[in-house]
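Just so you know, the protein sequences line up as chains S and E, in that order.
Letter 104 of the first sequence, counting from 1, is numbered 104 in our numbering, and no numbers are missing.
Letter 87 of the second sequence, counting from 1, is numbered 87 in our numbering, and no numbers are missing.
I should point out that these hints are in silico values taken from the structure, not numbers from a laboratory.
Every residue gets a Cβ at the ideal spot worked out from N, C-alpha and C, and that includes glycine.
It cannot be assumed that every hint is accurate.
Distance ranges between label pairs, derived from CB positions [what the hints assert, rightly or not]:
1. S:Glu100 / E:Asp85: 12 to 22 Å
2. S:Pro131 / E:Glu34: 23 to 33 Å
3. S:Ala79 / E:Gly118: 41 to 51 Å
4. E:Arg110 / S:Asn103: 23 to 33 Å
5. E:Arg100 / S:Glu77: 44 to 54 Å
6. E:Arg110 / S:Arg71: 38 to 48 Å
7. S:Gln83 / E:Pro96: 48 to 58 Å
8. E:Ser5 / S:Gln83: 32 to 42 Å
9. S:Glu77 / E:Asp85: 32 to 42 Å
10. S:His49 / E:Arg84: 30 to 40 Å
11. E:Glu34 / S:Ile112: 24 to 34 Å
12. E:Ala77 / S:Asn103: 33 to 43 Å
Here are some chain E residues pointing at chain S (derived, C-beta under 10 Å) [claimed, not checked]:
13. His7
14. Leu14
15. Thr17
16. Val18
17. Leu28
18. Thr31
19. Ala36
20. Lys61
21. Leu66
22. Ala77
23. Asp93
Some chain S residues near chain E, calculated using beta-carbon distances under 10 Å [said to hold, decoys possible]:
24. Asp15
25. Met16
26. Gln42
27. Leu44
28. Arg76
29. Asp109
30. Phe115
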Amino acid sequence: MNLSTRYPRVLVAEDMEMSRQLVRLLLTSRGFIVDEAENGLQALELSEHGHYDLIFMDCLMPVMDGYEATRRLREREAATGCQRTPVIAFTGCTLGSDLELCNTAGMDDYLIKPFTPEVLVAAVARWIAMPSAPAPRP
Amino acid sequence: MPQTSYHCIDPRVLFRTVDNDIASFRDLSRTYLEIAPPMFERLEQALQTGVGLANACHTLKGATVLVGAVQLTDLLAAMEHAARDGQKHEGVDLLPGLRRLFLLSLKEVRSSLVNFNGHTVSAAEVAVPMASLEAR
């Protein structure tokens, strides 16, 4: 392995285990390193201590939903001067009001569930460069 | 080889979602069998208490849609919307049909773990047309 290779890190915040597993499978096979959070609060904590190139944030989660977590993430970035991390919402709704909620919370993009691998990859590629080599297995 | 037909799920949906990788298909199918029953129990409890029904429907719906259970997913979506609108009793009325479909989804996912290899299911063997899922 080339030691200079840097694998993009993605945080997936999603309460439903099967959805997390799916995104993990699709992204690790394409060279991403994936961390997982089960709710917005966990996502906030993980993103405070580790750098992520991209965050997938489910809108509806227990403990703290994706809207609130993103709002707090944006506040923290503004307060600390950290680089803005792209946040892509996972949503089951296509209503304009729901997408407006995503936008207002500070999310940059959205994916409507369920999605195909092609749609997921296209969403990632809109925000970060795709890795050229598979990431090592943990 | 036994002929398998699917009336509740469409295994091609999950297979396509995991890049046509049979190992991933089986991993996710096993996860469905593990996580969906407790989700359904929470939904039934929520129907009794009226607390957390919309979220219970929403979470289970996220799993059923992945295994291509269209009718079940549609029912859960209807219940979720009714619950968000405060119409708990409509959800109670839907429970028997929901339970029947849910148990059928478990049976068919178990069957697909054994019989589905990505190539053995023709459109004629699946009651739910693929196009109706892709249009979602």
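The hints, checked one at a time:
1. S:Glu100 / E:Asp85: 12 to 22 Å: For glutamate 100 of chain S and aspartate 85 of chain E the Cβ distance comes to about 20 Å; the hint holds.
2. S:Pro131 / E:Glu34: 23 to 33 Å: holds, 31 Å
3. S:Ala79 / E:Gly118: 41 to 51 Å: holds, 50 Å
4. E:Arg110 / S:Asn103: 23 to 33 Å: violated, 42 Å
5. E:Arg100 / S:Glu77: 44 to 54 Å: For glutamate 77 of chain S against arginine 100 of chain E, whose Cβ atoms are near 49 Å apart, the range 44 to 54 Å holds.
6. E:Arg110 / S:Arg71: 38 to 48 Å: The hinted range 38 to 48 Å holds for arginine 110 of chain E and arginine 71 of chain S, with Cβ atoms some 42 Å apart.
7. S:Gln83 / E:Pro96: 48 to 58 Å: Once the Cβ atoms are compared, 53 Å apart, the range 48 to 58 Å for proline 96 of chain E and glutamine 83 of chain S holds.
8. E:Ser5 / S:Gln83: 32 to 42 Å: violated, 53 Å
9. S:Glu77 / E:Asp85: 32 to 42 Å: Since glutamate 77 of chain S and aspartate 85 of chain E have Cβ atoms about 36 Å apart, the given range 32 to 42 Å holds.
10. S:His49 / E:Arg84: 30 to 40 Å: holds, 35 Å
11. E:Glu34 / S:Ile112: 24 to 34 Å: holds, 26 Å
12. E:Ala77 / S:Asn103: 33 to 43 Å: Given a distance of about 24 Å, which is not inside 33 to 43 Å, the answer is violated.
13. His7: Violated, because the Cβ-Cβ distance from histidine 7 of chain E to chain S comes to roughly 20 Å (cut-off 10 Å).
14. Leu14: holds, 9 Å
15. Thr17: Hint holds; threonine 17 of chain E Cβ to chain S Cβ min 7 Å, cut 10 Å.
16. Val18: holds, 6 Å
17. Leu28: holds, 6 Å
18. Thr31: Holds - the Cβ of threonine 31 of chain E comes within 10 Å of chain S, reaching about 5 Å at its closest.
19. Ala36: holds, 8 Å
20. Lys61: holds, 7 Å
21. Leu66: holds, 6 Å
22. Ala77: Status holds, d = 8 Å.
23. Asp93: Violated. Min distance 23 Å.
24. Asp15: Nearest chain E Cβ about 7 Å off; hint holds.
25. Met16: holds, 4 Å
26. Gln42: violated, 16 Å
27. Leu44: Hint violated; leucine 44 of chain S Cβ to chain E Cβ min 20 Å, cut 10 Å.
28. Arg76: At 27 Å from the nearest chain E Cβ, arginine 76 of chain S fails the 10 Å test, so the hint is violated.
29. Asp109: Cβ of aspartate 109 of chain S sits 19 Å from chain E, so the hint is violated.
30. Phe115: holds, 8 Å
Figure legend: structure checked against the earlier numbered hints; hints not met, in rising order: 4, 8, 12, 13, 23, 26, 27, 28 and 29.
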